[in-house]
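*Asks:* Below, each chain spelled out in residue letters.
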Amino acid sequence: MKKETAKTFRAFLIELVIYAVLVVGYFFLVLHFLGEWLYQLETRHRYTYGGVAILLIIGQAVVLEGVTTFLLRMLRGRSE
Amino acid sequence: MFFPISGAHISPIYLAIVGFLIGILGGFFGVGGSFIAGPALRAMGVDWNFAVGTDLAHIVGKSVVAAKRHRALGNVDLKLGLIMALGTIGGAEGGAQLIQMLKRAGNVNLVVSIVSIVIYCSISAFMLWEGVKTLQTQSKRTEAGRKALKKDESAFQHIAHAIHRLRLPPMISLPVSGVKAISLWVILAVAFVGGLFSGFLGGGAGYIRMPSMVYVLGIPTHLAVGTDLFEIIISASYGTFSHAIKGNVDILIALVMNTGAAVGAQIGAISTQYFAGPKIRLAFVPLPLIGAAIVIYTMMTGHKL
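Residue numbers (our numbering), protein chains in the order written: chain A, 4 to 83; chain B, 1412 to 1716.
What the hints contain is simulated information worked out from the structure, not anything from laboratory work. Predicted model only: the values in this text are computed from it and were never measured. Treat the hints with care, as some may be off.
Stated by the list, open to error - The following label-pair restraints were derived from C-beta to C-beta distances: (1) B:TYR1685 / A:ARG76: 13 to 21 Å; (2) B:HIS1572 / A:PHE73: 40 to 48 Å; (3) A:GLY54 / B:ARG1515: 30 to 38 Å; (4) A:GLY54 / B:ALA1516: 31 to 39 Å; (5) B:ALA1694 / A:ARG76: 38 to 46 Å; (6) A:PHE73 / B:THR1712: 44 to 52 Å; (7) A:GLY28 / B:GLN1508: 42 to 50 Å; (8) A:PHE73 / B:GLN1568: 36 to 44 Å; (9) B:ALA1694 / A:ALA9: 20 to 28 Å.
We treat Cβ as the ideally placed atom computed from N, Cα and C, and that holds for glycine.
Whenever a hint applies, use it, and build me the whole structure from the sequences.
*Replies:* As structure tokens, then:
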């Protein structure tokens, strides 16, 4: 049981490290490419901005959930 | 890092950590965590209007992740969630109108503060009492009786059963939640009250809705947590759009917070598997008290956290 917990914990830590690298890359990508466009949209077209904001946050959540689930499965699979 | 929409300078690491912590709470309890996110953004110099709107946007993302995980665990009743979303949106509009009325009367801060302290403390006291009572009843049972009773239970099940017997058409069934028949109006009323608090006190009001689903509608705790998260996706999306057109949402901050929340929400959702319903409800007790403490601090010092 303890061995199993240690394996899961190690897989989770590795996942966090990989995830952190991906997220840092993502910060630069989103803030660099979308930052200015979203700012202009928020200033000039509020209704479009509202719709885009919801699509972005839901889209990102679905992708991130997929990434974390994939990472966890892959790492658990390897550690077993 | 500079966020041009709200004009704030905030470390993305700070935002991801705050998102991670709120994600764990949301995944485990089915709450939005606005009582932490709002003050955490405010502490970094974000204006209150942006803190409230951005928090709602972040709640949408975090709830998508946690609800997907809960759905995989079989903890989401889609039919119940969709019905509740209708009631919540109506209630949120009602709560916002109440705020406008109080604003015109000139005593909005005092009334909202007192109401929120009373509500938060009452919920905590009630859930503590109910959770302890349920656990005591369970521990008095014989070992055979305990093994036979695998399903979630509460000391207030008789209230939920009485509400199920209320014949107020149209009656609907919720097979996923194990409810054979319940009046549609009761579900809408529970959701409306949750929405009213959401519009009146801000945030997703999961601290009202999750206990109401357990005690009033008789939904098992795990399903109440998952369904509440699914319902929050719809009602918080509506709130996000409403705030966005008023210029209160910095979506870039919400996106960065959500990177941490995506991991936290999954941990929280998976953790619910290892706890029985009454224990989840007992662990929930400190959350409304944190909200009450923040309001008391604000009232006493005049500074918002």
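*Asks:* Checking each numbered hint in turn, tell me which of them this model violates, lowest number first.
*Replies:* 5
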